[in-house]
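Taken in order, these protein sequences are the chains called A and B. All residue numbers for the first sequence refer to our numbering, where the first residue is 1 and numbers rise by one. All residue numbers for the second sequence refer to our numbering, where the first residue is 1 and numbers rise by one.
Note that these hints are calculated values from the structure, not bench results. Treat the hints with care, since some could be wrong.
In silico EDC-like pairs for lysine to aspartate or glutamate, Cα to Cα no more than 16 Å straight-line [to be verified]:
| id | chain 1 | residue 1 | chain 2 | residue 2 |
| --- | --- | --- | --- | --- |
| 1 | B | Lys172 | B | Asp503 |
| 2 | A | Lys51 | B | Asp475 |
| 3 | B | Lys185 | B | Asp549 |
| 4 | B | Lys137 | B | Glu572 |
| 5 | B | Lys605 | B | Glu583 |
| 6 | B | Lys647 | B | Glu131 |
| 7 | A | Lys51 | B | Glu478 |
| 8 | B | Lys384 | B | Glu420 |
| 9 | B | Lys311 | B | Glu241 |
| 10 | B | Lys142 | B | Asp159 |
| 11 | A | Lys46 | B | Glu478 |
| 12 | B | Lys579 | B | Glu131 |
| 13 | B | Lys505 | B | Glu217 |
| 14 | B | Lys397 | B | Asp518 |
| 15 | B | Lys222 | B | Glu594 |
| 16 | B | Lys483 | A | Glu142 |
| 17 | A | Lys51 | A | Glu66 |
| 18 | B | Lys397 | A | Glu123 |
| 19 | A | Lys46 | B | Asp159 |
| 20 | B | Lys483 | A | Glu54 |
| 21 | A | Lys57 | A | Glu28 |
| 22 | A | Lys46 | B | Glu486 |
| 23 | B | Lys579 | B | Asp549 |
| 24 | B | Lys115 | B | Glu131 |
Quick partial rundown of chain B residues pointing at chain A, CB under 10 Å, derived from the structure [claimed, not checked]:
| id | residue |
| --- | --- |
| 25 | Asp396 |
| 26 | Lys397 |
| 27 | Asp434 |
| 28 | Pro461 |
| 29 | Ser462 |
| 30 | Leu484 |
| 31 | Leu485 |
| 32 | His488 |
| 33 | Phe599 |
Yeah, the Cβ is synthetic: ideal placement off N, Cα and C, and Gly gets one too.
Single-letter residue listing:
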Amino acid sequence: MSLVDSMSMAKPNLQARERILAKLHGRELLNCFQCMKCTSGCTALKLLELKPHEIEKLVNLSLVDELVSSDIIWTCATCLKCVQRCPQMASPYHVIMVLRNLAVEREAKVPEAFMKAVSLVLESGLAETTQKITTRTMQVCERESLKLPKIGSPRESFQAVFLKALEEK
Amino acid sequence: MTRIGVYVCHCGLNIAGTVDVEKVAEYARSLPNVVVAKHYTYMCSDPGQRIIQDDIKTHKLDRVVIATCSPRMHEETFRKAVGEAGLNPYLTEIVNLREHVSWPHTSEPEKATEKAKALVRMGVARVRLSEPLKKRKVSVEKNVLVVGGGIAGIQASLDLANAGFKVWLVEKAPSIGGRMAQLDKTFPTLDCSACILTPKMVDVAKHPNVTLLTNSEVVGVKGFVGNFEASILKKPRYVDESRCVGCELCTEVCPVKVPNRFNEKLDQTRAISIYSSHAVPKIAAVNSGYCLRLKTRKDVCGKCLEACEAKAIDFSQKPETIQTRVGGIILAVGSEVFDASKMCEAGYGRFPNVISNMEFERISDASGPTQGEILSRKTGQPPKNMVFIQCIGSRDKRFHEYCCRVGCMVSLKQAILAREKLGEDVNIYVCFNDLRSFGKGYEEFYRRARDMNINFVAGIPSDIRMAADGSLYFDVFERGTNKLLEMHADLVVLANGLVPSEDIKKVNELFHASRSADGFLLEAHPKLRPLECSTAGIFLAGTCQGPKDVPDTVAQASGAAAKAMDLLSSGEIELEPLKAIVEKDLCSGCRVCESLCPFLAIEMKNENEDDAEKVRAEVIEAMCQGCGLCGAACPTGAIKIQQYGNKQVLAQVDAVLTETDAKGGN
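If we strip away everything but chain B, and leave its shape as in the complex, we get:
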């Protein structure tokens, strides 16, 4: 005879404020097989868990129903507690009284209590048919694939490599460094970005545990947590990496001019060049879209071949695919900067002296196109009046609703740099909406900007206009003074926000990494699992998860690395037993499940030697996440999900449709 215990949690007032928990417990006591039903302030607390554990022993319970918050919150907690008391953890049923009852029905406490009773009745009906399950252990590969070689990827790789894990670091560009390498200084300490980043770039490239693949992309991922199989496409550089010494003689003779991507296309480089002055690896690469020889596929030009003393240039290089097995994956693919030409009133793209904040970084950087001199693009002279305009493409429902989290601090930093470089005679204004200086040392940095006579105008201009002489002017209504100010500027810097990169769609498909409404990659839980992707074994670092600054990116990258170590350090992992299982005799081989499975966990196998066409579905246990799509779709009912089979679910349906007379049962 089944003996069930029911436990109703108050969750402080979260549940008890709406649902009459006492009545629910009393009702539960009247349900068949329920031998004990209790309610308590916080079931998840230590004393709460102990109530359940003690009851399991004293009342000889063999099933437990806990009516509390969402199972996403504490199912694991309660399973563990039940397991410690000697019962199979999978004989626990969570009934969600918080997200499903008290929170959505605060205004109708009586009906909410009735709904709570019905849900408890369903939980009891289901748990009666629950089966004891066991977790299975599988061994894992003790190495990690890090996708993206910006500061996030570099930091995560270094942490993992230092801890003894083998790391594959894959970067799309010919050099690592990412966005941070393009920055001049970093807030709030004004450290030179290159000075703090370059040593890390060198360290990661030289580390014996790191295999660095630049000019490469991940093109395929198969397998599951602990046992991923990745295909990495190494695109040809047309330069032999073992021979190139980075002398740039080839760049000097190359006749083909190419917009310089590293300098935000503000100047030009050549079709064969080194990515930037502090590139790692410092090896030239040929831009196949521009090189005459590669574009025409004819034996032309060849000036670089003559100039290269190391004989490193090799036009016969072919793309190469590298296969590797890894236990975990860290996604650090970064983000892009908003393209302000989409916002026509800002004038970007129409007026040469309206520039983006990223362009300002390159102009201000000593290794940039102006060797660090801030010059107006129109006149070639230093500006006399500079204006920074905030929230371009951010906090704007027409483009991106979120706050870019870096724009305010970037503009403060750039205004300070401009004051330092251009001197006291220059007028510098910041037109802002709300100035958000939330981080450690950031408010002090804001004060430092005010100390430096940088003027803050509370208001955003409606549009930027250009006068006949090429200077810029606009009206802005200032909320401190209630006045409409006409402002003139010879350089306007737009605080463009961060937006998901173009590649994020590919990443989403390749790694089954879901995206949130803002387009960035979605973490498994915004507060409690911020470093993980919902697909097991995949972790998130840096701005691909959401806009963030350098300190936050580095912190998240180290966190993701630690998470990966946590997963892989023991050499084996436990798999959830709630999986799909196929009853082979019923499977018709229709492949519906195969096409539906979002985790590619279904394989069609041929086991009949006489009939090569005859296939049957098989679940790859380690990849199955137990989502149940296949089971719902299977036309022959051959697939069922452990614990969520027809018998358990129909028992629940029966329970909700049969208004049980509390006394008599049914």
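Extracted from the complex, chain A is given alone in its bound form:
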């Protein structure tokens, strides 16, 4: 092997990289020239330290294994700014999604918070539970008191479709 990460002694996994590229349906990832525009604008960077340019580079160097088992790939807020603004159309978001799928496939530990969000979607159809509303005058009140429409629960067919989608790889 021509390259080793001397800090962790990790070795490149060329097959894994090829699999990721195959799942991306395009090889734009190879065009990433590390302008870091994605990281400059990343919503998840300030709190959760996600650096999309690093993910792009690590996958390009085939240093994939550590990445797949790390928590960092689960912090993407899917705001899609990087997809819109990447000058090379190398969209880190799509790479992160492939890495997440790979993590599930390898039965790597998925962070609890993420699993919670998934089960919440399954139950309610929403990524977040409905919360009380804080008004501009800092009053906390229920949706109903502001005459906002009630949020319904998903149809049963939704759960079936959702579960089926989860099973597909």
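Given chain A, work out where chain B should sit, using these hints.
Structure of chain B alone, referenced to chain A:
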């Protein structure tokens, strides 16, 4: 009995690394009529050519097949060598073993060798039917049309005029000077742009061999290399050029305000004005889109008429078409600057303090709207924090994939100018992607910028935002420190790249000048014929061929001028004999060929006095490039291309379909 020699080139390892050249030569020897077949490291070299020449004499060869690189590369070389040995040069056949065999089939050497054999078999079959042809000479006009009066057009015109050629220099704007005239200083020496350009503008306008036509456009081009016929539309200035003294009294009284194009619309000029302070010719022009009298077509206003002491203003002027014959054409139509409002995250067009690099040039220029003072557009005060952002619209697949080749150096220059003008207290940053300082003296210029305490931030912001007080801020992830930096600025300058001009489509149609994938004009060969267009007699200079800086533009313009001189200096040129020919008795006059010909080389002629409707195709030999479109389309088979007629092409097809038994022939 035909006697053919076959020569297989190794091209170093380019061909021999994949194709078994020895086997190919051995196979060729078994083909009918082949009396000698050899292989050699470099057929194009002097000893390589000599092998062919010696064989022509000793083996009494009358046809030669050379299996080597693309004919675009060395067909001329080999024809010349064959000609020197006393054989008609057109009895040479090139078989392309490099681009067609070894390069695309590196992983399959055995199959590649088989393909090489088949191609050689086809070449031998074809060359047997080749006919000796002769080049024809035509006389040429010893003058040149230069389209575009920027630095490229000016330099090319001056070189040609000094060499004694007559030049027609046509410029669309009311003054020559182009983009360079708008610049403040030029890198890497910081020469004042006006100081080095204006004398050239004056020289070219005064030169006895140059006819300068400003406010004019080429609207038609006919003819062919050496004998072009151009129509030039001279648009009315509504000012008599022989009378106007350039006093600008008219501008003072004109009530109609017009965005000033020369100053990137940062200020206003009037509907009658002189293009810029150092315009050549320094003659006023009326902007017909704004002038009240011309817009309303009524007898109104007329203030300029009263003010003009020289009585130069003439609203009765009409467009005028000038016809001229020229031998060559130099295209120097330039480029435009990327419109950053297309890239919404950059904030250009939304935030007044985000400006383009071209706008910075005008603000920094002593003759610009602020008399050279760098001021924030929002507050009217000098900025305290300035940021330059690189690669706007360039190296970006969403807009233009290429590197603009000037953005880095322009920003370095502008940062240095800002430091000189604004002093040490101002913070100046450059957010860059890769800093490309590749030219002579450019890296030293980059160091000079660092010496001047200009800070370089390795990273590009995702978007620019404006705070409530009008100041700008953004985050940028810096790759040297691995930190997310929040930057604040009261002036952001965007390094907008160069893009093909709006007119390039018209130029493409008018001159049959092809364009490359990036939209710029395409050179005939990227390395070996960079100054020529694929249409003979047309040359390229400056940024219309691709983004480039002033030094490169001037060099290319002088090169294009030298190429034009090379073409025209002897007063006559030789024409390739590989042309279409029409067998008149077979032509039905259907006009299919006329509509297809990309070079307008087919004329429909009436030769039958009794029937005025009856026309027949005729090929204008000097314009035909031998592309073969007409021949393929002709429904009656009346058109054939010399050397590429049915008999030669079908012989090739037969050869490839018949797997010749190497020993027996077929």
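Here's how the hints hold up against the structure:
no. : hint                  : verdict
1   : B:Lys172 <-> B:Asp503 : holds, 11 Å
2   : A:Lys51 <-> B:Asp475  : holds, 13 Å
3   : B:Lys185 <-> B:Asp549 : holds, 13 Å
4   : B:Lys137 <-> B:Glu572 : holds, 6 Å
5   : B:Lys605 <-> B:Glu583 : holds, 14 Å
6   : B:Lys647 <-> B:Glu131 : holds, 12 Å
7   : A:Lys51 <-> B:Glu478  : holds, 11 Å
8   : B:Lys384 <-> B:Glu420 : holds, 14 Å
9   : B:Lys311 <-> B:Glu241 : holds, 11 Å
10  : B:Lys142 <-> B:Asp159 : holds, 14 Å
11  : A:Lys46 <-> B:Glu478  : holds, 14 Å
12  : B:Lys579 <-> B:Glu131 : holds, 13 Å
13  : B:Lys505 <-> B:Glu217 : holds, 14 Å
14  : B:Lys397 <-> B:Asp518 : holds, 11 Å
15  : B:Lys222 <-> B:Glu594 : holds, 15 Å
16  : B:Lys483 <-> A:Glu142 : violated, 41 Å
17  : A:Lys51 <-> A:Glu66   : holds, 15 Å
18  : B:Lys397 <-> A:Glu123 : violated, 41 Å
19  : A:Lys46 <-> B:Asp159  : violated, 60 Å
20  : B:Lys483 <-> A:Glu54  : holds, 13 Å
21  : A:Lys57 <-> A:Glu28   : holds, 13 Å
22  : A:Lys46 <-> B:Glu486  : holds, 11 Å
23  : B:Lys579 <-> B:Asp549 : violated, 40 Å
24  : B:Lys115 <-> B:Glu131 : violated, 26 Å
25  : Asp396                : holds, 4 Å
26  : Lys397                : holds, 5 Å
27  : Asp434                : holds, 8 Å
28  : Pro461                : holds, 5 Å
29  : Ser462                : holds, 2 Å
30  : Leu484                : holds, 6 Å
31  : Leu485                : holds, 9 Å
32  : His488                : violated, 15 Å
33  : Phe599                : violated, 38 Å
In this structure, the hints that do not hold are numbers 16, 18, 19, 23, 24, 32, 33, in rising order.
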